[in-house]
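S.K.: Each chain is listed here by its residues.
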Amino acid sequence: MATTKRTIEVELSTSGLDAQGRPQRVPLVVDDGGSPVALEAPPSVEPDLSGDHMLINIGPQHPATHGVLRLVLELDGETVVRCIPHIGYLHCGFEKIGEYRQYNQIIPWTDREDYLNSPGNNVAFALGAERLFGIEITERCKVLRVMAMELSRIMSHLVWLGTTCIDIGAFTPFLWSFEKREKIYELLEDWIGARLTTTLTRVGGMGADVPESWVDKLRTFVQAFPKTLNEIDRVVTRNGIWVGRTIGLGVMSAEEAVNYGLSGPMLRASGVAYDVRKDFPYLDYETYDFDVPVGTHGDVYDRYLVRMEELRQSTRILEQAIDRLPDGPVNVADHRVILPSKSKATSDMESMIHHFKQVMEGPRPPIGEAYVAVESPKGEKGYYMVSDGTSKPARWRIRPPSFVNLSAIPKMVEGHLLSDVIAINASIDIVMGEIDR
Amino acid sequence: MSTSFTPVVAGSALPSDAPAPATPQSIAHHGGEPNPSAATLRLQFSGAVQGIDVVWGETTVIVAGEQLLDIVRWLHDDPAQRYDYLSDITAIEFRDTEQPLEVVWHLRSLPYRRFLRLKVRITKGAPLEVPSVWSVYRGADWLERECYDMFGIRFSGHPDLRRLLMWEQYREGYPLRKDFPLRGRFSRSEQLRQALDANPEARYSKEELSIAQAFEDLPDDMRRRLSTGEKTGE
Amino acid sequence: MGLSRQPEPAAIVGGGEPWVTTRLDFVVNWARANSLWPMPFGTACCAIEFMATAASRYDLARFGMERQSFSPRQADVLICAGRVPFKLAPVLRRIWQQMPQPKWCISMGACASSGGMFDNYAVVQGIDTIIPVDVYVPGCPPRPEGLLYGILLLQKKIMNERAKDKTLRNEMEPDPKSQLYIPPPVIDEISEPFGNSVHQTRSGL
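Protein chains in written order, with our numbering: chain A, 1 to 437; chain B, 1001 to 1234; chain C, 2001 to 2205.
These are calculated hints, taken from the structure and not from any lab test. Careful: at least some of the hints might be erroneous.
Claimed, not checked - Under 10 Å between C-beta atoms, here's a sample of chain B residues computed to sit facing chain A:
1) Val1009
2) Pro1021
3) Val1049
4) Gln1050
5) Ile1052
6) Asp1084
7) Glu1093
8) Arg1154
9) Leu1176
10) Arg1185
Ideal Cβ placement from N, Cα and C applies to all residues, glycine included.
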């Protein structure tokens, strides 16, 4: 059949999406009748090279490994046969040091561990310590912490978005997402004085109350943020290159994902609707109105869609939190854990003694243990603290979501091409600080 | 294109009139409501269960190490338990030297929305060995390796128990043990010297890559380089 | 910040320098200083602040750092941003050795400069025990303005270099047996705990 190959401009009279909402591939070659012609692959002329596997090493210093990760790949041509990840290049002894620090002194450490989600980690640790002490925090503190967690989720997903776009080849969304991060940095700096490593919470409350008009600035941010998201969405989501490079990669089925212990967007993209905020709630998350996006294909594209939707849902939660922020004290009025005000500590004897005890010795929780898990942007983040009655924990364990997520990479990468390894690695959203601790 | 999966919803095994999950309020230190799985576990494995504790609302079941794998497999497979999610594996060594070392497993049942903690106590002087749950949960792979790296606990049945966070020839010991000082046993210059000597990328170990099987088929120069452990890139 | 863009070489050197070599020095140094291609050895939180400095608000490209060179072979300045554990130490050493001269090093952040808050078994107490450092930028993490100040200090340092000073481009020579390039007692002395770290080895009070 004689075919004339000509390119046609396809007017998308449909939305370009199929029944499941996935983008349709538009063929560019049609025959005379207008029906698409499948292009044949050229005949293979290379000699059979199977049997010669190549070993290559990616990292630990590499722009696309999102930190100091080392992947040793055994390749058959461009196809990955085996992948062995090596971690530990950022192991800094967090858990050991936790045994030598009082509970409030550990909070700066939680910043540095998952450094993209510093406020979120601060909140998670404070929740765990408060469980261990048996303290109930105030209502205002709860809402502020929800704001901190959602801002932190937005911050982390923006870095993920920017760096994943760079890995797959698009540079501009990186600049857009970092400009939005600068806006959040401004908010955090107004609140607590630090941009990135915030040390936002204390056991029993927050490091500082939000200043006046901070909530208005947050409202301005929340109104402006969806515009950037829409911009990035327009450029990336139905982009032929993006779709072509991410669809069908790194698939994990639902049973595999649960068995491997994956959590967060990785797990939800595989179709498992498990979100710690919904299933084991904390900070009154059950009273907020938000949806949890769940994917159906478990590939890189679905993880991207899940995270983009989570950004929108976080904005929704922030709007609700702004509306419901109550007045009242931020710190709980418990002299065991909260320092008295300076004026009282220098005038009233009892306050001075409390101040002295807290600073010199640190608050001492009763003997016990607590595991508090929160939904960090990466997944189920847990802090497990064991107290032996002294002011420093007997054991401080960080349950790192990226650690367990990354352990599935050998499974996800097998059979894919070398450049797909980078895309799959980017889709896991790892933070080496959390993995290695 | 990949096929699409049917969504799995957490809490699917609960009856439709079960209360929606809520933020726990006013949790008691001791004496809270225990996880129903604990009582069932005690009935099923009466000899192995050494104690049940409820601290700050979380149920801990202390079991004997030898039967841990059977217990975990039963918790995973039994349709009334369905603990399909392994959250964490870790260990605790207390400052008080009389107290035993505890190895801790955090399990979640997504269909029933439950959380259970299993503990195995290893008395001082006993060999630091517990069974591995890798055959039940693939996620235990790295968690157990890290536990071995930090505490020296061997997980029998683990396919590849090597150090994970420290380099494989690390000689100072197991960092999270209480007898390991915060700054390490050696002086800083000695630590640096050992670290610079280790140079983890210089060798691709044959074992980890199954090169041993393919060794004969490799090209000559590659075989030579691998067997002498020659440093690459210099 | 009071950094002059056109230093007078004759004034600094003290006169007596041939005019041609001072002009040549100036041109060479000016070219080097204003086209430093960084090799971002980013490990932790400081790497994120480095990325923020390279992004559009605190643009690094206007200082000549247009192209982030992730290959050390094509880089001028190694910016070590983040904490360096002992497992990463040989990697850092090798990356430094792979960079061709002229090369400089900026140690960004408290952890790279001195070990920072990580005074424990796992972290190198300052990357200057492994590689020679030109500029230290304190902070945890340093603000983008802080990093920019550090880069401008490095540019000033480069402007003050002289071709006749042959020792400037000497490659460090580590002791072949121990791989250390400064004597062990000096390493121990500069790694000693100071400040709060001294008191924090009490566990369990």
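S.K.: Each of the hints needs a verdict: does it hold here or not?
M.R.: Now the hints, each set against the structure:
no.: 1; hint: Val1009; verdict: holds (5 Å)
no.: 2; hint: Pro1021; verdict: holds (5 Å)
no.: 3; hint: Val1049; verdict: violated (19 Å)
no.: 4; hint: Gln1050; verdict: violated (17 Å)
no.: 5; hint: Ile1052; verdict: violated (14 Å)
no.: 6; hint: Asp1084; verdict: holds (5 Å)
no.: 7; hint: Glu1093; verdict: holds (7 Å)
no.: 8; hint: Arg1154; verdict: violated (19 Å)
no.: 9; hint: Leu1176; verdict: holds (6 Å)
no.: 10; hint: Arg1185; verdict: violated (13 Å)
When the structure is compared with the earlier hints, violations turn up for hints 3, 4, 5, 8 and 10 and for no others.
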